[in-house]
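Chains as they are written, first to last, in UniProt numbering: chain A, 1 to 547; chain B, 1 to 295; chain C, 1 to 310.
Do not rely on the hints blindly, as some may be mistaken.
[Said to hold, decoys possible] Within a straight-line C-alpha distance of at most 35 angstroms, the following computed DSBU-like cross-link-like pairs (lysine-lysine) qualify:
1) A:308 / C:39
2) A:244 / A:223
3) C:46 / A:160
4) A:226 / C:46
5) C:39 / A:207
6) A:226 / A:242
7) A:223 / A:513
8) A:513 / A:242
9) A:406 / C:39
10) B:28 / C:221
11) A:94 / A:244
12) C:173 / A:396
13) A:357 / C:39
14) C:173 / A:235
15) C:39 / A:412
[Claimed, not checked] One-sided and incomplete, this derived list gives chain B residues near chain A with beta-carbon spacing under 8 angstroms:
16) 58
17) 63
18) 65
19) 239
20) 241
Rather than coming from a laboratory, the hints here were simulated on the basis of the structure.
Quick reminder that beta carbons are idealized off the backbone N, C-alpha and C, glycines included.
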Amino acid sequence: MIKFLSRLLAVLLTTTALSACTGGESNVEIGNRTGVLHFGNGSEPQGLDPHVVTGVPENKLVRAMFEGLTVKNPWTLEPEPGVAESWDISADGKIYTFHINPEARWSNGDPVTAGDYVWSWNRALHPSMGNQYAYMLYPVVNAEAFSRRETEDFSDVGVKALDDQTLQVTLNAATPYFLQLMDHYSTFAVHPETILKHGAMTDRYTKWTRVGNMVNNGPFNIKEWKLNRRIVVEKSDTYWDKDKVRLNGVVFYPTENIVSEERMFRVGQLHTTGTVPLDKVPAYQAMENTPYVQAPYLGTYFYLINTKRPPLDDVRVRQALSMAIDRVKLNDTVLQKSNFPAYSITPPGTMGYNPPKLFDYDPALARQLLADAGYPDGEGWPDVELIYNTNESHRKLAVALQQMWKDVLNVKITISNQEWKVYLDSVDTMDFDIARRGWIGDYVDPNNFLDLYITDGGNNSTGFGDPRYDEMILKLAPQAKTQEERYRIFYEAETMLMEQMPILPIFTYTSKKLMHPSVRDMPSNLMDSLNLKYVWLDPDWEKDNTQ
Amino acid sequence: MTTDIIEDITEAEQGSSLWHDAWLRLRKNRLALAGGMLLVAFTIIALLTPWIAPYAYDAQNLDLGASPPSAQHWLGTDIFGRDLLTQIMFGGRVSLAVGFVATSVALLIGVTWGAIAGYVGGKVDAVMMRLVDIMYALPFMIFIVLLMVVFGRNILLLFLAIGAVEWLTMARIMRSQVQQLRQQEFVEAAISLGLPPSTIIRRHLIPNALGPIIVYTTLTIPSVMLLEAFLSFLGLGIQPPQTSWGLLISYGAETMEEFPWLLIFPGLALTVTLFSLNFLGDGLRDALDVRRSKD
Amino acid sequence: MWRFVGIRLLQAIPVILAVITVTFFLVRVAPGGPFSAEKAVLPEVKAALEAQYRLDLPLFQQYTAYLGDLAQGEFGPSFKYPGRSVNELIGAGLPVTAELGFYALLVAVIIGGFAGVIAALKPNTAQDYIPMTAAMIGICMPSFLLGPLLVLVFGIYLDWLPVSGWGDIPGDKILPAITLGSGYAAYIARLSRAGMLEVMSQDYIRTARAKGLPEWEVVVKHGLRGGLIPVVAFLGPAFAGLLAGSFVVETIFQIPGLGRFYVQAAFNRDYTMILGTTVFLSTLIVLFNLLSDILAAWMNPRLRAQFGEN
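All chains should be modelled from the sequences, with the hints used to inform the complete structure.
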């Protein structure tokens with residue numbers, strides 16, 4: 001019956017999804033003709049200042065308008081030349097010398113110089129700036145000390161302009177993922193004169209990113225910014241690699257309501273959406289020539305456990321809770337087969353690293369462990385509360401898990417949703433028993449997930465701490481001679497972590513979007529990293545697709 | 001003053017033949033009677049739900065998932081495979097309780113407040129109505145978040161919070177009614193005869209203002225039910241797996257294309273209830289219309 | 001009359017001051033601050049942010065500083081949108097929401113008033129039941145249900161109207177105005193029916209009829225004025241409610257209005273934005289309530305006489 005309904009829906013969707021709006025030419029049709037991409041971008045950005053913003057929609061916008069020293073290739077995620085045309089790495093992996101492309105230009109025609117980078121990193125790291133992603137530059141010598149006001153002198157920091165075209169960066173230790181960080185917006189250069197024209201170096205409340213004021217160095221320039229309506233960018237003619245840019249422009253829509261976003265897509269107002277409502281996934285999956293695109297994503301959905309509170313301070317209880325979760329069934333039903341069951345914190349296949357899988361769904365063992373911990377068949381189980389921030393998918397998972405724990409372990413777990421800021425406060429102060437959590441990687445490396453659980457780490461929030469674990473993550477892994485050795489250390493550390501089970505991994509994220517068939521060269525990748533430089537629109541997609 | 005009026009109402013209820021006449025007239029209105037009976041039936045079902053519901057309200061069947069109506073599940077199941085009929089029955093308990101309790105709170109505060117302000121007038125009126133203005137203007141969302149955080153999550157608190165917001169409009173309407181009535185000859189006559197204010201309010205103002213108040217009450221109950229749904233939807237209301245009609249509708253609205261029954265049946269339950277309230281409200285209004293009955 | 005207006009305007013000042021004060025301290029008590037984020041914010045970053053926005057000062061000093069800014073018409077910078085002032089955000093959202101609210105009320109008054117008056121003329125007949133039943137459906141339909149339903153039918157299946165936006169594609173204002181207006185139309189229908197019934201049984205209507213005036217003249221000239229008083233009393237709060245309560249409709253149709261800012265500011269703990277929108281809306285509410293009182297007075301000759309005496 002469900003299958004039949006899905007089919008029926010799929011047919012309905014097909015008839016409406018790809019047919020044009022009869023009331024005139026749709027955005028998509030106009031866009032295909034004029035080379036303008038209509039992009040569902042999730043929400044209104046907080047701003048466009050690379051050293052101020054955080055968040056996914058901001059990332060997409062900033063990276064359309066600015067370019068880092070290196071750029072991630074959207075197919076392979078390998079670093080390729082951006083502002084730097086080449087770079088040398090010293091034998092010990094600690095000194096990076098970037099050679100800046102002499103053709104790299106700001107949108108006002110000024111050349112991009114190594115000095116701009118020194119100035120910008122000073123800004124990005126400056127304690128008064130309040131840059132939440134300043135830590136992206138912490139691998140650089142004294143960067144952390146400067147941003148914590150331990151040294152006032154920026155010349156102590158390991159970044160030097162040897163000449164206009166040469167930037168030398170000195171790191172604390174070999175950092176295999178350092179080049180990836182150069183594609184993160186907090187390490188981007190900004191145009192010093194423009195910033196100073198509109199305020200002090202570290203001002204957040206400034207108008208330099210407005211239309212008409214902004215000077216940037218990426219493939220697109222801002223043309224229109226209407227609050228909560230759209231941001232329009234057009235192809236830059238000062239960008240060094242402009243011949244490769246095939247789009248004439250992009251319109252970003254703040255599509256906060258994902259149900260509306262899907263509808264906008266269906267009537268041809270959008271080329272691509274940021275996500276897809278879960279309940280619509282089966283129908284789209286059943287479609288022929290579906291516009292639905294799903295790909296593994298560098299993120300894990302899990303629950304934090306407060307290891308300081310009974311009964312969860314007992315590792316057997318934590319293990320029992322974890323083994324009582326039928327992750328495969330959860331994924332097949334509530335999650336509409338749209339994710340991957342997770343048994344560890346690091347997503348599998350993170351740059352060739354695969355995490356340990358120490359356990360599986362095992363009701364008998366789970367009951368045994370719970371009995372060993374003193375709660376045979378749930379007897380004497382105290383009040384335990386699970387909190388999550390208000391959201392449909394979080395609710396669905398929590399409701400399903402609540403029942404699984406009741407069925408397998410006969411324990412009652414109250415679920416409680418909290419408004420976002422209240423939830424953040426609860427997690428931050430560890431005022432919870434179990435709390436929903438997700439982590440999306442900032443760069444592709446196991447370190448980004450495993451360093452969460454060092455003792456008293458800012459994002460630990462579980463009370464878990466183990467000196468041996470800290471040593472492996474902070475000391476041994478950075479000193480490893482080869483990637484294999486490094487991964488071996490990570491594997492060992494992650495095994496320790498998952499034996500202690502301060503978190504309950506639930507699933508590995510996927511990126512999901514709807515993409516019109518005319519959109520070309522916008523590949524999915526592990527970071528859901530968008531490089532608009534490569535994207536183009538095929539006005540003859542109908543003909544091309546049938547050939 | 002507050003208790004005075006409440007006592008007056010109860011007094012009127014017991015004593016006056018007005019209420020007896022009203023009941024006789026109401027009985028002739030078949031639609032109103034039907035509405036009233038349906039409401040009573042719904043209330044009884046809601047009260048008995050824990051014993052008569054076909055399934056446990058949180059019993060899931062993930063393998064079944066969302067299924068259309070069938071012999072086992074008359075109204076189908078939701079995405080967790082939970083029986084929708086059971087969900088609606090339990091949801092009705094919450095919705096009806098919110099509707100009646102919060103509206104009673106609003107009615108009590110609003111009518112009293114508005115009657116006093118409208119009758120006394122002058123400075124008292126000005127101060128009272130400016131207080132209403134202040135309450136109107138406060139950021140409601142923050143207010144509710146604070147309540148929930150400071151006092152914990154509690155259904156009773158939710159009722160009170162909603163009632164505390166809904167009385168404002170009631171007060172404004174009551175005030176404008178009373179102001180208008182005060183200018184009528186029979187009230188002026190009563191004042192000039194030297195009757196005490198409590199008697200005037202009881203005998204002349206309350207009965208004559210009842211029509212609009214009852215109508216507005218029948219409007220407040222649905223809006224209270226919807227407000228609860230909105231709050232629950234934002235995560236500020238009741239907690240899953242508890243549910244309410246408004247919440248079921250808001251979930252159903254998201255999947256109206258995929259699983260229409262999840263929207264249709266809770267929507268029907270709410271609509272029928274509101275229609276019943278409406279007809280009953282109309283019937284009461286007509287039954288209590290003192291002046292027309294003298295025709 | 002002018003004296004009455006002047007007094008009410010003077011009374012508005014302490015009302016708004018009270019709103020500011022209560023809101024200012026209320027938002028500070030709510031858990032979570034403007035800068036808490038999913039990825040923990042380093043303590044030194046948080047301190048730097050608080051310093052940039054004066055949040056490191058003692059609370060009372062912040063309050064007086066805020067009042068000082070406000071006296072100069074400055075709502076201050078938004079925390080959530082660095083680089084934007086609250087004035088600018090309100091300036092961007094208000095015209096949109098006001099326009100939406102105006103259309104919605106227009107829809108509500110025309111449909112609701114018409115239905116209510118028609119129903120009241122022949123109570124307890126089909127002419128009564130049909131419009132009132134339709135009105136009831138309007139009340140039963142929360143906007144988070146009606147909006148998507150209208151979009152589904154008219155936007156997707158029939159493909160007549162745009163599914164979202166505001167002023168981008170011709171016709172994209174129709175569905176939001178209907179969605180927002182329908183609930184109010186239902187209220188107005190009920191109120192105007194009740195009001196009309198009340199009035200039509202009054203002596204002066206009977207007098208007018210006895211004079212042999214045609215029925216439509218009785219209704220329009222004598223009935224409507226009194227019968228619509230409850231509606232007018234309702235309009236003031238309704239418009240203010242529309243401004244603050246258009247959140248759902250604005251979200252469904254992705255309309256860049258004030259309602260979204262207002263609700264999201266609360267969720268974001270964007271202190272200056274919460275205060276700014278609240279102060280602004282409370283001023284509007286006070287004004288609109290005043291306006292509806294004046295209108296009600298004008299429609300009620302006896303009250304008008306009373307104002308004249310003042």
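Against the structure shown, which of the earlier numbered hints fail to hold, in ascending order? Of the numbered hints, all hold.
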